[in-house]
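J.: So the chains spell out like this:
Protein chains: 2
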Amino acid sequence: MIKVQIIALGKLKEKYLENAVLEYQKRLSRYCKLEILELEPIRLPEKPSQAEIDSALLKEAEMIKKKIPQNNDVFTLCVEGKPLSSEKFAENIALSQNSGKNLTFIIGSSYGLCESVKALSKLRLSFSQMTFPHQLFRVMLLEQIYRAFKINEGSAYHK
Amino acid sequence: MIKVQIIALGKLKEKYLENAVLEYQKRLSRYCKLEILELEPIRLPEKPSQAEIDSALLKEAEMIKKKIPQNNDVFTLCVEGKPLSSEKFAENIALSQNSGKNLTFIIGSSYGLCESVKALSKLRLSFSQMTFPHQLFRVMLLEQIYRAFKINEGSAYHK
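Protein chains in written order, with the numbering used here: chain L, 2 to 160; chain R, 2 to 160.
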């Protein structure tokens, strides 16, 4: 069974989002071994300088890179990434799955991800031009992963 | 205070999504009078023909059009709509607000919206090339409306 790892900076705080994640974890258990890894973002002052942001992203990058299993296909989520339809996203997952690869998805903190993490990407993905809170975004990502497995099995979930 | 109406086809079924909506209703009460109107979608067989879909969309359009207050600025959500950043979305809301207009957002059923509804749009919006369940999408829309008010007041919510 394919392993899907989600590395996310920051914790879920809202109960309803926790419940949403639990629901998708349950649904996804038929399709993959899901691991959600929450890392603690580096604390920054309210209005950080660019240098403070860069230094935090660099430290976060070191934490993230230690957690990615070797040979995993890495998908980073970033504003400047490629927008894909759900079908194209599903194709990408099928491609990795068919080559026996496991997957890592990385969701950065509100300041994004260090270029050194993005450079590991098989694909840089953008879900929307809009900015979503990273907590809600985690649910959106789980939904698309679930939808991808449903599309790939030819189910009616996605029509 | 500006009135924001959301017309949505279909009910929320998941408790966690109801709770998410409640949270955003609470947050938005500082910025607008929010009305969420749930309409019952026309029932369709599991694999409907195009004619059955068109007929259902037409009937749904009649229900929807009766509910839109005159002079409201209408935003329809559709895959072929315009993708906007959160900032540009906020600008659109500010423009309507500054001309004393109230807002109507329309989320169709899984088969979308009739062209006759879309034709009423001030703007056809697309949040993503991806397909999201209409229930989760309602939360994503509330989040962006809330973010828009926060952007327009110059708050740090959006950075």
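Hints may contain errors.
Copies of the same chain are indistinguishable here, so a pair counts whether it falls within one copy or spans any two.
Unchecked claim - Heads up, simulated BS3-like pairs for lysine-lysine below, C-alpha to C-alpha not over 25 Å straight-line:
id : residue 1 : residue 2
1  : Lys27     : Lys12
2  : Lys67     : Lys27
3  : Lys67     : Lys151
4  : Lys123    : Lys89
5  : Lys60     : Lys89
No lab work stands behind these hints, which were simulated from the structure alone.
In this text, all values refer to a predicted model and were calculated from it rather than measured experimentally.
J.: If a hint holds in the structure, say so; if it does not, say that too.
T.: For each hint, the structure was consulted:
In this assembly of identical chains, Lys27 and Lys12 lie within 25 Å of each other by CA distance both inside one copy and across copies; the values are 19 Å within and 22 Å between. For the identical chains of this complex, Lys67 and Lys27 are neighbours neither inside a copy (27 Å) nor across copies (40 Å), given an alpha-carbon limit of 25 Å. For the identical chains of this complex, Lys67 and Lys151 are neighbours neither inside a copy (31 Å) nor across copies (36 Å), given an alpha-carbon limit of 25 Å. Taking the shortest Cα distances, Lys123 and Lys89 sit within 25 Å of each other inside one copy (14 Å), while across copies they are farther apart (30 Å).
With identical chains, the CA atoms of Lys60 and Lys89 are never at most 25 Å apart, being 33 Å at best within one copy and 32 Å at best between copies.
Hints 2, 3, 5 from the earlier list are contradicted by this structure; the remaining hints agree with it.
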